[in-house]
Each structure stands twice: as structure tokens, then as C-alpha cells.
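Novice: Residue numbers (my numbering), protein chains in the order written: chain A, 1 to 296; chain B, 1001 to 1296.
Simulated from the structure, these hints should not be mistaken for lab results. One should not assume that every hint holds.
Derived DEER-like restraints, expressed as beta-carbon distance ranges [claimed, not checked]:
1) A:E257 to B:G1096: 34 to 40 angstroms
2) A:R294 to B:K1102: 57 to 63 angstroms
3) B:E1199 to A:A33: 38 to 44 angstroms
4) B:P1041 to A:E203: 45 to 51 angstroms
5) B:K1102 to A:E135: 53 to 59 angstroms
6) A:K243 to B:S1029: 44 to 50 angstroms
Beta carbons: idealized from backbone N, C-alpha and C, even for Gly.
Number of protein chains: 2
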Amino acid sequence: MNLEKYLKEKRELVDSAITAMVGPLKGSSVLYAAVSYSLTPGGKRLRPILMLSTYNAIKGKEEPIIPFACAIEMVHTYSLIHDDLPIVDNSDLRRGRATAHKVYGSDMALLAGDALLSFAFEIISNRLHLEKFRESALLAVIHEFGVATGIRGLVGGQVMDIVSSNMGSIDKETILYIEEKKTASLISLALRTAGILGEVGEEELKALTDFSLEFGVSYQIIDDVLDAISSPEVLGKDTGQDKKNRRATFVALYGVEEAKKMANECVQKGIGFLAPFGEKYKILTDIAEYTLQRIK
Amino acid sequence: MNLEKYLKEKRELVDSAITAMVGPLKGSSVLYAAVSYSLTPGGKRLRPILMLSTYNAIKGKEEPIIPFACAIEMVHTYSLIHDDLPIVDNSDLRRGRATAHKVYGSDMALLAGDALLSFAFEIISNRLHLEKFRESALLAVIHEFGVATGIRGLVGGQVMDIVSSNMGSIDKETILYIEEKKTASLISLALRTAGILGEVGEEELKALTDFSLEFGVSYQIIDDVLDAISSPEVLGKDTGQDKKNRRATFVALYGVEEAKKMANECVQKGIGFLAPFGEKYKILTDIAEYTLQRIK
């Protein structure tokens, strides 16, 4: 299978599903515009693609889980909009164009982010899902969305990121905390949602979780490396931000080369957790290996 | 029954339940401080008290619904924190003291709000609720939380509030839209959550909804009247804000006296919807009448 072709197909699938979902909100004019601007055209859609791919590996189909894949992308986009705000990172560029607050103002960007978080929960709690999934699995997934986006997840990571950069303190433990909460928690949510709705056993869910956490940390390290060595033209977002904001990253602590090595090690370790399942989750390990190419 | 005593007892019940819920988050230091500061001591706890009272009227107990009452207060507090931010209303005073961003900075206030929204969903999707409520009722309630806090609720109202005040346009329809979305949607959520989890019939749920929407609009009108005629010392928050921000309110459109009359009319109309149930929901109509006293 050609992985790039696969990723492109899945990305287009996610794009059109998101467009269809946001469409009915058109009535709300400015807000719809800000939400729609932020969501489409989107980024790599990594989290939804991981969710679709995991579910497909389990059940041999992906259609039932598409709304959840859209929801996780909405959560991701919400966190980007809020992180980009002038009162946080003050970023001008995202996904190749001006950030939401640059176009719609900080108040509308704030509210577009807020709306996306609520919308994600609205989507995943739709009672139509009861035709396809057990109620207890749905409830568990909603709970995981709550935890992964909150204090013990996204928000907690972002807070530690700000606190540690204000204090100028960089140590391995803090960096790992930030990468796990800020990035790995959503990637883990993607795989766990697929695992829970696909009703895999406890051991398998644990393996998927362990893989996703390693992959998530590696993905954030790759992001940090690219922030240090790439350009806005290539990445479509501001670079050199981590140094400017004195962010606690492995690049800052150990340098680019060592960070690259760590990203690779995380991926290999993660892949090890899926070994007991043979080829079943090959698509996940392929994607993980593929992301490493960005820093090669 | 002495209503003031009743409200005080319920307020204390909500206060201690919230304190117990937020306690386990202590590890997250600054964020916990910002969240805890914003939540306690709280305001009147109107929304959770309405939820408890409604459920009690239906089932003769309130314990099972306490977590949901806490969650709605968290949602309410989240919306206050975000509305108060310098990039929106830029308010300095809330609940008798400095707003969250004045104490913890705009970035932490933003994230404390974000955390509270996620936390609310985390709380209401806890699987322990399955011991007390049917799964389909739980799922319905989570969905209602998503809708009421999103584009078709809180956020939508806030956006229209900003847009209309920027444009300086004030007409009855716009004002009603704002009051319904910004305020009535959460008050309605309080009653509907109790009705759905209490498993009342469709007609009864509709009556509760109709009452709550009228009451919600009246409550926002009362708030607008107080903003015009009261003081920060009495209210514990900045006053005169609506005029300053050229907000679209009935006070601005018709004046204080006419607005008072409208608030009263809404309450009376709302009470009418509950008439078919005799004394069952007397506590709700008592609370609604009581809120009117603030502008007498």
C-alpha cells in the first residue's frame, strides 16, 4: 500500500465529513465563519486518521466512527485556536495562513474555540450512535474526551508549558509531562476511542494506549525539532517560537540531534507494544515510522 | 417554608459538593488555584439550585443529581471567566472580588475556563451514574449540555451580544435572541436535566422547558436592570457595563421601568406553564417570584 496515498484519501474523507457537520451551523454568521475558517482546509488530520485506522484494523470498516474522528479534530483545532491567541502564544500563522484571531479578532477566536469544544461533545453524544455502539462504550468514550481535554490532559499540559517557560525551568520530567499531556493525550484518545468502541479486550486496549503515548511524545518531539530547524514556508506556521518563548523541550535541553534520536526511540518502543498483534495494527506502525521521515 | 433559608441551605450544599469535586485536582497548582478561586465562594448558585429543586419535586430526593448540579455551575463559571477576559468584556470585578484574569493572568484564566468546561463533561459522563440513571437518559443529558453550551446556546448568545453591540443595533428580536441563548439556555438546561433524569413525560418536560425559558429571559432582564441601577458594592461585579459596551438590552431599548414590567410579565407567563401540575413545582415558581424582588 502507498502510505501517502492512504493518508491523502483519509484526509479528504475527514475534510468532507467535517464540512458536512459544520454546514448546519451556517446561520450563526461570524461564528460559523471563524469556526469554518479554522477547521478547513485543515492540517494533516493525524488524530482522526489514527482513529479511523485503528477502528478499521479492529472492525474492518470505519464509517461508524467518522463522527468521533471529526470530534477529535474539532478538539484539536479548539486547542490550537486558544494556544495561538495573543494572551497565550501570540502566533500569527497557522496551517499556512493567518490565525483565527488575526482574521476575526481575539473575542471571536476565543468563542470559536469554545464552540468547537462544546460541538465535539454534542457530536459524540448523539443518540444515533446507539444504533451502532453500546451505551456503556459511548459513555466511556465521552468520559475519555472529558479527561483528555481537561486538567489531566490538554489543559494541564498547556498550563505546565506556560508555567515552566515563565520560570525558565527545564528538566526532563517537566518536558515529558508537557509532551504527554499536550500532545500524547489526544493521540491516545484517538486510539482509545477506536479501541473502546471497537470493543477490544483490556490487554489490547492497554497495548494501543502504550503505543499511542510513545508515539504521541515522539510526535511532539518531532514538532519541536521542526520548530527549531524548519521555516514558516515549509510548516505553514510560525517557527522559532519555542526558543523565543523559552519553552521546555528536549531540543532546548539536549539539542536537535539528541532530540531526533529520542523521537526515533519513542516510536520504536511504541511499536514494540503492538508486536503481540502481528500485522493487525501495521497501519499504525507505518504511520508512526512515516512521521519520523519529517526530521530525516 | 422560608425561601431564603431554603436557598441558603441549597447554596451551601452546592458549595461543599463543588469543593469536594475540585479537591482531587490540587496537584495542578496554578490551574487548580485559578479554578478553585473562580468557583468558590460562588455566586447565588441559581442554576444548580433550580436543578436540585426540580429533581426533588419529581423524585422527592436530590442526592443523585448533585454531580450534575455542580457541572452546570462549572459551565456557568467557565462562561463568566471567558466573558470577563480583557479580550471580551474586560471586567475587573466578579462575585465581590477581582476577576480570575486580574489575579492569575489572562492565559491562566482562559485555561481555567477551558478546564471547567471539560471537567463538567467529565463529571456528567462518570459511569457511576449508571447505578442511578438509565444510560439513554444520561446520553441525552450530555447531549443537552453540548447543545446548551455551544453555538446554539451560550456561545451563540455571546457572539450575538458582541456583534450587535459592535454594530450598535438594538431591536427586540436581537435582544430576545441574546437573552435566550446567553442566559435562558443554561437555566433551561438545569430544569431539563432534572426532567430527563427524573424521567418525566414529554408534556411535563415541555412545560418545564417553557417555564425555564421565560424565567431565563426574565432573569437576564433583571440582571440588565441591576446593571443600570445598582452598584458594584451591592452586586459584587462591575455595573454600568451594558451602557459602556452599548449592549443590546431591553433597558437600552425601552428604559428601566418598562424592562422591569417585562421581567415580571415573563415570570407570570412562565408560571402559567406549570399551572397544570398544581403544587408540584411550587418551589420553582417561588424562586422565580423571589428573583423579581431584586428589582422591586
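Novice: Indicate, hint by hint, whether the structure satisfies it.
Specialist: Results for each hint:
no., hint, result
1, A:E257 to B:G1096: 34 to 40 angstroms, "violated (55 angstroms)"
2, A:R294 to B:K1102: 57 to 63 angstroms, "violated (42 angstroms)"
3, B:E1199 to A:A33: 38 to 44 angstroms, "holds (40 angstroms)"
4, B:P1041 to A:E203: 45 to 51 angstroms, "holds (47 angstroms)"
5, B:K1102 to A:E135: 53 to 59 angstroms, "violated (44 angstroms)"
6, A:K243 to B:S1029: 44 to 50 angstroms, "violated (25 angstroms)"
The structure does not agree with the numbered hints 1, 2, 5, 6 stated previously, though it agrees with the rest.
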